[in-house]
Amino acid sequence: MHEVITLALMDYLKSEDFRITLYLVRKSPLTMLGMTLAISLILFAILAPYIAKQDPIEQDPSKRLLPPSPEHPFGTDQLGRDIFSRVIWGSRISLTIAVIVVAISFSTGTVLGIVAGYFGGKVDELLMRITDMFMAFPRLILAMAVAAALGPGIFNTVIAMAFVSWVYYARLSRASTLQVREEMFVEAARAIGASNLRILFKHILPVTISPVIVQATLDMGGAILTAAALGFLGLGVQPPTPEWGVMVSEGRRFITEQWWVSTFPGFAILLATLGFNLLGDGINDILNVRSRR
Amino acid sequence: MDLRTYVIRRFILMIFVLFGIVVITFVISHVIPADPIGAILGPQASPELVEKIRREWGFDKPLHEQFVDYIFKLMKGDLGKSIRTNNPVVEDLLYFFPATIELATSAMIVAIAIGIPLGIISAVKKDKWPDHISRIFALVGVSMPVFWLGLILLFVLYYKLGIFPGPGRLDPGIPEPPRITGLITIDSLISGNFKALLNSLWHLALPSFVLGYYASASITRITRTALLEVLNQDYIKTARSKGLAERVVLFRHALRNALIPTTTVIGMTYGSLLEGAVLTETIFAWPGLGRYSTGAFLSVDFLAVMGTTLLIALIYSLANLIVDILYAFLDPRIRYA
Amino acid sequence: MEGVSKAVWAVVAVVIVLVVVAAAIAMYKPAAPTAPAPAPPAPAPTAPMITPADTLIIAMDTSDAVSLDPARAYEFASCFVVNQLYDKLVDFELPDLLHVKPEVAEKWEVSPDGKIWTFYIRKGIKFASGNPLTADDVVYSLQRVIKLKQTAYSVLKPFLQSPEQIEKVDDYTVRIKLNKTVAPSFFLSVLTFTTSSILDSKVVEAHAKNGDMGSEWLNDHSAGSGPFILEKWERESQFVLKANPNYWKPGEPALKTIIIKHVPEPTDQLLLIKKGDVDVAVDLTADQIKQVENQTGIKIVRVERFHNVYIGMNVAVKPLDKEEVRDAIRYCIDYDAIVNDILKGAAIKWQTVVPKGLLGANPKTPYYKNVTLAKQLLAKAGYPNGFEIELTTPPIYPTIDVATKIQADLAECGIKVKIIQMTASQMYEKYRKQGLQLVLAGWGSDYPDPDSNAMAFGNYRIKQLAWRNSWYDDYAADLAEKASVEMDTSKREQMYLNLTDYILDHGPYAMLYQTVAQQAIRDYVKNWLPDPTFYYLNLARVSKVPSG
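Protein chains in written order, with the numbering used here: chain A, 39 to 331; chain B, 2 to 338; chain C, 2 to 549.
The hints are simulated quantities; they were obtained by calculation from the structure and are not laboratory data. Quantities reported herein were computed from a predicted structural model and do not represent experimental measurements. Glycine is no exception: its CB is placed at the ideal position from the N, C-alpha and C atoms. Treat the hints loosely; a few may be bogus.
Calculated from the model, a selection of chain C residues having no Cβ within reach of chain A, i.e. all distances over 10 Å [as the list claims (entries may be wrong)]:
1. D65
2. E94
3. E110
4. K124
5. K158
6. T182
7. G212
8. P251
9. A255
10. G298
11. V316
12. A382
13. P385
14. K464
15. N528
Simulated pairs of lysine to any residue, SDA-like, Cα-Cα distance not exceeding 20 Å [stated by the list, open to error]:
16. C:K243 <-> B:I175
17. B:K82 <-> C:A209
18. C:K210 <-> B:N87
19. C:K233 <-> B:I175
20. C:K148 <-> B:R56
21. C:K257 <-> C:H222
22. C:K434 <-> B:I54
23. C:K158 <-> B:V51
24. C:K148 <-> B:V51
25. B:K53 <-> C:I463
26. C:K464 <-> B:R55
27. C:K431 <-> B:E49
28. C:K243 <-> B:P179
From just these sequences and the hints, can you work out the full model?
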């Protein structure tokens, strides 16, 4: 098993394909911007303890709602906590949520989609009906329902969001699988007697991965926003954990005078989501260019 | 298969899908360890009273019995009664639904008005500055929390600059039109009440913009992608080589085909608009389905939750169905086997 | 690429046209209000009134309103509205909450054993429909509450259990027989609650369906003799009240219309009142009040509400069963920081279970943050390293901030608190089943008598707060029951002082603060009196005078 995957990966990295991809990335400023933002986010998350020296949950109610100053670059919130450190530490939370949600929905969805697309028949029909049902559900409403059922908290929020997102991956990967299934080289491989598993990994997976990756990057941004929406409704992450969406929601009472409480975490959400969206768009473009060669 | 069979088949599938949704929602809302009756009666209520009301509502029966009851009632068009409002859910939905439709539809118009032109500009001026700017503009729309944007716009455009009115559908002093469709704009138009028409449009502006801006991003993206695809096709190259003016090429040939996938996305976006309405309606004090469903979820008003979810799922499915049929109709190459 | 540029310009032109059209619509301003010209700004520094002078517009979060049927109404918003639509036998007139005033009843008598009451009804009162108000209506209204057995009935239940206890003596006299002795002031104050409103029996019965005694119709219609009539209730949108032309008190109401606009978002209410598009905003947060209190044209009306916020400790959950542990928690909380820094004017420190302003209110505040003492107490109880516990609270402000602060405070004593946010419906489900550990909740008194709080916090037998926190204390329960039937007022007061002292030392509560309501009103609104409850403010006397 391992050899199959490793070989496939190494083949890819050495290929002309990959080098052209790199070139195309460098050529598109927006994609570069997206990548920069996304990487910065990851760096902030990893290096949080070194960048934000103040404790994000330490309260000092006598220092409530102070405007930005050298001591508190982003000001303090309604409990006297330093907003700068909360935003930096919050990147860990938001990123973790986004990554886990996307990872879960991505893997389950893609696998299910490929299986359904490849084997077809009843399995496929069943999957299609189930995805139809989930797609007819507006995502936020379903997330609200699940969060209300399981109770608030990070873990439950993540489950709620993953529960509603997997369908898109399933649909996408199924569509690609259907396309590829009929291709000549797959027929050929089957004729030689290659096992289904091998075919799935070596031939089908690389093709289906592309549109799915685009969706995944876009969903990272979406996950951050859904977490914010759940926080707005009181169903999200619990205090005192700093999560950007909850911070924006909490700060909305102060928007007329202490604008900094909502604005800085709001900007963080904006930049992070924008970064992922640009990245996703960029990858989409690159893939389109490549598929036309 | 031909168009008619396709439509019938899709329709039947839709019914199955909706049934599945009923099951899922029922399970979810009954799994919740909450006591909506108790919460509504308040902390002061005695346990006996809570039990009595629960029995009146039939919530003490075993789950499968409740489910079967619900299905039978559903087939008669009865969605039960809301615990909070004490009205039949159908009545409640009919009451709150038009406001959301008004908001979602005008947001859709805004989204299309922003999205399609931006997408065209982006595609035509690919990789040049107009492209970059439109793409960033569109993406910013989906990168910020809808409620935040709403509050900021209210603060700047209503409070500071006074250009737009505060939250609500109509100013208190304006005479309201009779309730025919429930959409104040249409009702005022029908009854010739122009003051109300203009005032309600004015109130509609900010919330539609906030929601519409959010939705425009996906429209921009798909228009851009689809147009780029099409512009690279051979028949476009042929048209150009025939000497046709670029404008003709763009509008007469390219756009028409590019708009096909765009239409699909518009259908899907309508669904996400309904969901975005949940947050927007709170900020703008808009008495629509979003507010009703938030209240229903937070107090676990079972029947209202199921009714609302069914309604939204129904609209969403119908929108997709119509779009898919249009798609199949417009592009004869597409027929789902 | 000339053709393409043209196409692009065409698109741009369309967008510009759309924007211009939108701007034109935006430029439309509503017609000038029908009010008389605002007074010249010369004298007092005041802002002009831009809402109509005969209409009062209130911005309020009315999402908890369920029904306007007085036999059912129990929430803030519903009771506020019901109070304007109906009269009762007797009523309180702000600011006096100790002595009831005659309303529908012009005088009354009580038998020496406190059980038999006779009310003499005023002649000449007409309902909004024109029907005269007679004993039949009084009997009907009160019997109806008992027959329908809705939540609001719990207020009357302890002493009125069968409709036969209410009888008509003649067209203008009603006799009420209680099934036990009750302190007279207590009974009279219960009669002032909206449950005891007098309904127009003929109109209500005409709309009865399936034996509901008109309840469904009364959800959103009115049939009373009060100063206002309900013109309409658009859920999640607004209540519209119009002056009752048949109101029996001459010269009232001063206003013709009252509009209660449903605005769930406090920030929206803030913007509306600052702009002057509403006359009153009731749900501003403490910080928002700070923002507007110095703005020209805005006044803040403050009053201590009969509402206390507390931490409930479930005695059945170890280690909360040990009194030292409960004491330790009480000595670990920074009450001053909560009241002064977080709530800033929206609360006062109050540590006993009967709120300030009621008979028997006990002003002692022995608890303060003393980490050393708290740790000693914990060590004595056998928990020198603290313990872990859950704190449940609904996700609303400012309680979430308070909960977070308490979490930090208790951490200093070694107690690790996990906060669990739960919506009200989930929380009450568990609370009623004694399923919570620590809970942060509030209790509002139903009527201006200490009995409501004393029984709830002290008497486990009625399955209220004491029971929900598994505190089965017979001494407290007995004392609460005795106090509710004590006819001598000063003896009664002493009993409540004793009870509150006892609960202070042994009870399962850490009383945090008493809520101070802060309502923002424009200064041209007159006679908006501070109301410690939410249903005594009589809007009939409120008026709008533009001169500031």
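Tested hints:
| no. | hint | verdict |
| --- | --- | --- |
| 1 | D65 | holds, 16 Å |
| 2 | E94 | holds, 35 Å |
| 3 | E110 | holds, 52 Å |
| 4 | K124 | holds, 52 Å |
| 5 | K158 | holds, 33 Å |
| 6 | T182 | holds, 46 Å |
| 7 | G212 | holds, 35 Å |
| 8 | P251 | holds, 44 Å |
| 9 | A255 | holds, 32 Å |
| 10 | G298 | holds, 16 Å |
| 11 | V316 | holds, 24 Å |
| 12 | A382 | holds, 27 Å |
| 13 | P385 | holds, 24 Å |
| 14 | K464 | holds, 25 Å |
| 15 | N528 | holds, 29 Å |
| 16 | C:K243 <-> B:I175 | holds, 16 Å |
| 17 | B:K82 <-> C:A209 | holds, 18 Å |
| 18 | C:K210 <-> B:N87 | holds, 14 Å |
| 19 | C:K233 <-> B:I175 | holds, 16 Å |
| 20 | C:K148 <-> B:R56 | holds, 17 Å |
| 21 | C:K257 <-> C:H222 | holds, 18 Å |
| 22 | C:K434 <-> B:I54 | holds, 17 Å |
| 23 | C:K158 <-> B:V51 | holds, 15 Å |
| 24 | C:K148 <-> B:V51 | holds, 16 Å |
| 25 | B:K53 <-> C:I463 | holds, 17 Å |
| 26 | C:K464 <-> B:R55 | holds, 18 Å |
| 27 | C:K431 <-> B:E49 | holds, 16 Å |
| 28 | C:K243 <-> B:P179 | holds, 19 Å |
The structure is consistent with each of the numbered hints, conforming to all of them.
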